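2 protein chains.
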Amino acid sequence: MLKIVVDAMGGDNAPAEIVKGAVQALDARKDFKLILTGDENFVKPELEKYKYDTSRVELVHCTEVITNDDVPTSAVRGKKDSSLVVGMRMLKEDEEVGGFVSAGSTGAVLTGGIMLVGRIKGVLRPALCPALPNVRGTQTLLCDCGANAECKPAYLQQFAIMASAYAKAAFGVENPRVGLLTNGTEEHKGDTLHQEAHQLLKTCEGIDFAGNIEGRDIMYGDVDVAVSDGFSGNVALKAIEGCGKTVSAVLKKEFTSSFGAKLHYLFAKKQLSGLQNMLDYSRFGGSVFLGLKKVVVKSHGSSKAKSICASVAQAVDAYRNNLIGNISELLEKTQISGEENA
Amino acid sequence: MLKIVVDAMGGDNAPAEIVKGAVQALDARKDFKLILTGDENFVKPELEKYKYDTSRVELVHCTEVITNDDVPTSAVRGKKDSSLVVGMRMLKEDEEVGGFVSAGSTGAVLTGGIMLVGRIKGVLRPALCPALPNVRGTQTLLCDCGANAECKPAYLQQFAIMASAYAKAAFGVENPRVGLLTNGTEEHKGDTLHQEAHQLLKTCEGIDFAGNIEGRDIMYGDVDVAVSDGFSGNVALKAIEGCGKTVSAVLKKEFTSSFGAKLHYLFAKKQLSGLQNMLDYSRFGGSVFLGLKKVVVKSHGSSKAKSICASVAQAVDAYRNNLIGNISELLEKTQISGEENA
Chain B
7 MLKIVVDAMG GDNAPAEIVK GAVQALDARK DFKLILTGDE NFVKPELEKY
57 KYDTSRVELV HCTEVITNDD VPTSAVRGKK DSSLVVGMRM LKEDEEVGGF
107 VSAGSTGAVL TGGIMLVGRI KGVLRPALCP ALPNVRGTQT LLCDCGANAE
157 CKPAYLQQFA IMASAYAKAA FGVENPRVGL LTNGTEEHKG DTLHQEAHQL
207 LKTCEGIDFA GNIEGRDIMY GDVDVAVSDG FSGNVALKAI EGCGKTVSAV
257 LKKEFTSSFG AKLHYLFAKK QLSGLQNMLD YSRFGGSVFL GLKKVVVKSH
307 GSSKAKSICA SVAQAVDAYR NNLIGNISEL LEKTQISGEE NA
Chain X
7 MLKIVVDAMG GDNAPAEIVK GAVQALDARK DFKLILTGDE NFVKPELEKY
57 KYDTSRVELV HCTEVITNDD VPTSAVRGKK DSSLVVGMRM LKEDEEVGGF
107 VSAGSTGAVL TGGIMLVGRI KGVLRPALCP ALPNVRGTQT LLCDCGANAE
157 CKPAYLQQFA IMASAYAKAA FGVENPRVGL LTNGTEEHKG DTLHQEAHQL
207 LKTCEGIDFA GNIEGRDIMY GDVDVAVSDG FSGNVALKAI EGCGKTVSAV
257 LKKEFTSSFG AKLHYLFAKK QLSGLQNMLD YSRFGGSVFL GLKKVVVKSH
307 GSSKAKSICA SVAQAVDAYR NNLIGNISEL LEKTQISGEE NA
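Residue numbers (the numbering used here), protein chains in the order written: chain B, 7 to 348; chain X, 7 to 348.
The set of hints was computed from the structure by calculation and includes no laboratory data.
Quantities reported herein were computed from a predicted structural model and do not represent experimental measurements.
There may be inaccurate statements among the hints.
Pairs involving identical chains hold if they fit within one copy or between any two copies, as the list cannot separate such chains.
Okay, derived cross-link-like pairs now, EDC-like style, lysine to aspartate or glutamate, Cα gap no bigger than 20 Å in a straight line [as the list claims (entries may be wrong)]:
no.: 1; residue 1: 127; residue 2: 335
no.: 2; residue 1: 259; residue 2: 228
no.: 3; residue 1: 299; residue 2: 100
no.: 4; residue 1: 55; residue 2: 33
no.: 5; residue 1: 195; residue 2: 76
no.: 6; residue 1: 251; residue 2: 228
no.: 7; residue 1: 276; residue 2: 260
no.: 8; residue 1: 258; residue 2: 286
no.: 9; residue 1: 127; residue 2: 211
no.: 10; residue 1: 195; residue 2: 75
no.: 11; residue 1: 195; residue 2: 156
no.: 12; residue 1: 9; residue 2: 59
no.: 13; residue 1: 251; residue 2: 286
no.: 14; residue 1: 259; residue 2: 286
no.: 15; residue 1: 158; residue 2: 197
no.: 16; residue 1: 275; residue 2: 260
no.: 17; residue 1: 299; residue 2: 323
no.: 18; residue 1: 86; residue 2: 100
no.: 19; residue 1: 339; residue 2: 211
no.: 20; residue 1: 312; residue 2: 54
Produce the complete structure using the sequences and hints provided.
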């Protein structure tokens with residue numbers, strides 16, 4: 007049976023919320039076994055809070071934890087008994103393990119992914135790819151959103167290919183439309199990197215390139231994939247996150263400013279929850295780290311149970327829908343040199 | 007008396023909304039004269055719709071218009087009788103003219119600003135600087151947000167200096183806090199450009215550098231100035247704009263989905279307008295083009311009267327608060343080579 011490993015010690019709310027979310031995922035998807043990696047002194051008491059099918063859950067004890075203060079490379083090398091390293095090793099070595107989920111240090115997940123799990127043949131740079139809500143009620147993939155601060159045009163071309171494969175595998179989009187995130191829609195817009203990437207994407211077989219898009223288009227939903235360098239993709243992702251949180255804060259302030267306002271809230275509650283739910287992209291899970299030999303999902307550092315549950319379901323679906331195979335196949339088709347490793 | 011020139015033909019809603027907004031500004035600020043540049047066959051009938059002090063308004067007839075389809079450089083050189091070129095020439099040549107406002111082609115405003123108005127001595131690259139609302143109820147300046155897609159570290163340092171001078175002049179912030187927009191708060195984050203810019207900012211006299219900030223911090227209001235390269239600044243600005251519009255669209259959908267929902271809207275109307283007003287940054291006017299010898303305000307292409315009125319008031323205030331003098335002074339203090347023109 008398919009196994010999914012969850013790093014029970016990673017994230018601001020570990021292990022309590024991680025364990026809670028992972029157990030919830032057992033209900034959401036019936037076709038996998040859960041492996042939790044972490045210190046049993048902390049994880050076991052959390053597990054004992056819930057009722058679940060014990061035959062579907064395994065706890066692998068490990069003594070170390072990688073934190074945000076650790077330097078990723080030395081932590082992945084040095085902390086061999088950490089929940090992250092132990093989990094990723096299982097992902098690499100155990101054929102039945104199809105996916106790994108962590109809300110821990112982004113740097114460590116990226117480094118561990120490349121060092122321990124390894125890249126698909128031909129992949130120049132793996133990339134983080136979250137799904138964002140859009141006004142159409144579907145989701146837009148943003149790739150890369152932070153794994154690669156410095157990019158070359160060929161990386162961006164591969165991000166387009168990998169995210170297209172993901173849109174197909176995860177959401178069943180037949181011909182995902184791909185936009186290149188720049189500072190204007192005209193073809194000549196952007197810096198040299200994006201101008202050159204535009205030319206590569208224009209002639210790239212196997213993807214449906216819709217041209218340049220702007221920051222606002224990410225949430226308008228006209229494209230299924232927004233391709234960006236990891237620097238500006240990260241800025242865009244967090245700008246949207248900040249705007250969403252600001253909206254929530256302002257609404258809260260407005261609707262608690264007086265007794266009358268609180269009363270009005272009761273009337274508007276249902277509609278406002280509709281908005282909150284739309285803005286809450288934790289329901290989509292985390293960012294898939296595309297380009298690795300196996301499925302790795304990086305959940306937000308502040309993930310609560312709901313988000314972890316979604317991330318585990320996401321890992322199950324990505325595995326079941328053959329994400330890795332789809333990426334390999336599309337990469338081969340598009341004939342990007344697999345040798346170039348720059 | 008101070009004169010402000012408004013390009014009556016620039017923008018999606020020209021000349022109707024431009025003229026309307028400019029006339030409204032006559033009420034908002036009593037201490038200036040308005041000069042409108044544009045084709046009198048179109049502008050005069052618009053002007054005649056309103057009552058205003060005719061001694062404070064002058065219409066300068068010109069026969070040409072620069073559109074978004076024009077190539078900026080050749081348009082600024084070739085269309086000598088366009089509302090933009092005529093207006094910018096007046097700004098340069100007439101000592102009484104203190105500011106220029108246009109909602110026309112961004113490229114033409116930038117090119118015209120540099121070619122016709124000219125840079126302050128020592129300025130490497132002028133930069134677009136809009137004010138965004140933040141959750142604290144104040145505003146955060148984002149500089150550069152699109153004038154320079156390719157940047158060098160020294161440009162970013164100057165953006166910090168110029169925007170600090172603007173925060174002082176426009177909003178009376180005594181010691182504006184400056185953050186560098188990157189993909190993480192740690193000092194080593196970002197690409198080479200931002201890592202080098204961080205080092206320059208850290209040791210730069212005359213500004214209060216708070217370190218790296220992320221996209222989400224733009225709206226949290228912990229800094230008064232967010233410094234960015236024009237590429238990712240533009241992506242961030244438009245991502246926030248898109249998120250705001252998405253929120254409005256979702257709220258509209260939620261509150262019109264049924265008769266009951268429409269009824270609920272009546273109760274929540276006041277609070278929701280509070281949110282809409284907060285997100286509507288057209289109330290702050292346009293983006294000031296910092297680094298020129300005189301005040302140039304670029305209003306959003308889709309500006310309506312309200313935004314034009316705010317932009318004109320913004321130009322008046324920037325002039326009155328000696329924005330240009332403050333920038334020159336701060337640049338001299340910080341001893342960035344005025345000769346380097348790279």
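Those earlier numbered hints the structure runs against, lowest number first:
none
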